[in-house]
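Peer 1: Residue numbers (my numbering), protein chains in the order written: chain V, 1 to 171; chain R, 1 to 104.
No wet-lab data here; the hints were simulated from the structure. Beta carbons: idealized from backbone N, C-alpha and C, even for Gly. Take these hints with a grain of salt, some might be off.
Claimed, not checked - Heads up, simulated DSS-like pairs for lysine-lysine below, C-alpha to C-alpha not over 27 Å straight-line:
(1) K30/V - K99/R
(2) K85/R - K23/V
(3) K30/V - K105/V
To be verified - Covered by chain V, according to a simulated footprint, are these stretches of chain R (three or more residues, beta-carbon under 8 Å):
(4) 1-7
(5) 51-62
(6) 78-92
Unchecked claim - To list a few chain R residues with every Cβ distance to chain V over 12 Å, as calculated:
(7) I37
(8) T42
(9) A44
(10) H45
(11) S69
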Amino acid sequence: MTTVATAPAIVPAFDDKDDAGRKLAIICSKGNLDMAYPGLILANAALGEGVETHLFFTFWGFDIITKAHMGDLKFTMLGNTATHLPQGLGGLPGMTAMATHRMRKQIAEIGVPTVPELLEQIVASGGHLWACRMSADMMHLDEGDLHEAVEGIISAADFIEKTESAQLLFI
Amino acid sequence: MPVTAIGETQVHVDAEGFLTDYDEWDEQLGGELAAQIGIEMTPAHWRVVRFLRTGYVEQGETATLRRVSMQAGIPVKDLFTLFPKKPAKKMAYVAGLPKPRGCV
């Protein structure tokens, strides 16, 4: 008797078993345009990989989910040596507006959405947005001032509880 | 480049199993690739896969979730329902294309 050995088909291991249970918590504490993107891009990437993702917006990071500011985050050259330009330039009038305009353009050119659009995509992908209670109190803001998809204004302790066993990123 | 059998067809794939030759794919094979990863194709799935196939020819790369949602008008939420958990990679796999290289 002859047996024909058939090799199993090479199929990507998508590892999407329900019990995979990987979780990611991202704390967004900065409100500059260039510091908003890393957290949002990583959240979007994690969601696309089937990872349960929670974002906690705190201190200046609150601007990312505040209706009045989310579409108007800025980039400044001041204190940022990675622009490789003389620091004094950054303090000239209109420099922050110009640098912001340029960065927005560069981001749009590579097909990356604006901050509000990226938030929409994160929510559509199943991401969870949480606002920091202390920041809300400090800035006298409530749910009405925030992106509709924010699930709640919660304390730091609540966030820690919700993200038990999650991997954590602080930005 | 490894060769693997999907149903009756021999195809060239990369180390992970994504097809490497655009022309080795046809819709019957697409259905078989979907079955390999537990997806049963419906007209909604085919709409996505056909968009990816034509998009690849036009753009020279696999469309990301964002491009599919913006240009084909299929909401991101629906893409997660059709191709659960890892929609971008699963769509690309079924369409016989490389994984998208863009971040968003």
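Peer 1: All hints, please: hold or fail.
Peer 2: Structure-based check of each hint:
1. For the proposed pair K30/V and K99/R, the alpha carbon gap of about 32 Å is over 27 Å, so the pair is violated.
2. Taking the CA atoms of K85/R and K23/V, the gap is about 13 Å. The hint holds against a cut of 27 Å.
3. For a cut-off of 27 Å, the pair hint linking K30/V to K105/V stands: about 21 Å separates their Cα positions.
4. Against chain V, the segment 1-7 of chain R contributes 4 residues with a C-beta closer than 8 Å to a partner C-beta. That satisfies the three-residue criterion, and the hint holds.
5. Evaluation of the coverage hint for the segment 51-62 of chain R: breached, as 0 residues show C-beta separations to chain V shorter than 8 Å, against a requirement of three.
6. A count of 8 residues in the segment 78-92 of chain R with a Cβ less than 8 Å from any Cβ of chain V is obtained; the coverage claim is therefore met, three being the minimum.
7. Chain V draws I37/R into its interface by the beta-carbon criterion, the shortest separation being 6 Å against a cut-off of 12 Å.
8. Distance to chain V confirms T42/R as a non-interface residue, since its nearest Cβ pair spans about 19 Å, more than 12 Å.
9. Residue placement check: A44/R keeps its beta carbon more than 12 Å from all beta carbons of chain V (closest about 16 Å).
10. Distance to chain V confirms H45/R as a non-interface residue, since its nearest Cβ pair spans about 16 Å, more than 12 Å.
11. Separation of S69/R from chain V is inadequate, the least Cβ-Cβ distance of about 8 Å not exceeding the 12 Å criterion.
In the structure shown, a violation is registered for the earlier hints numbered 1, 5, 7 and 11, in ascending order.
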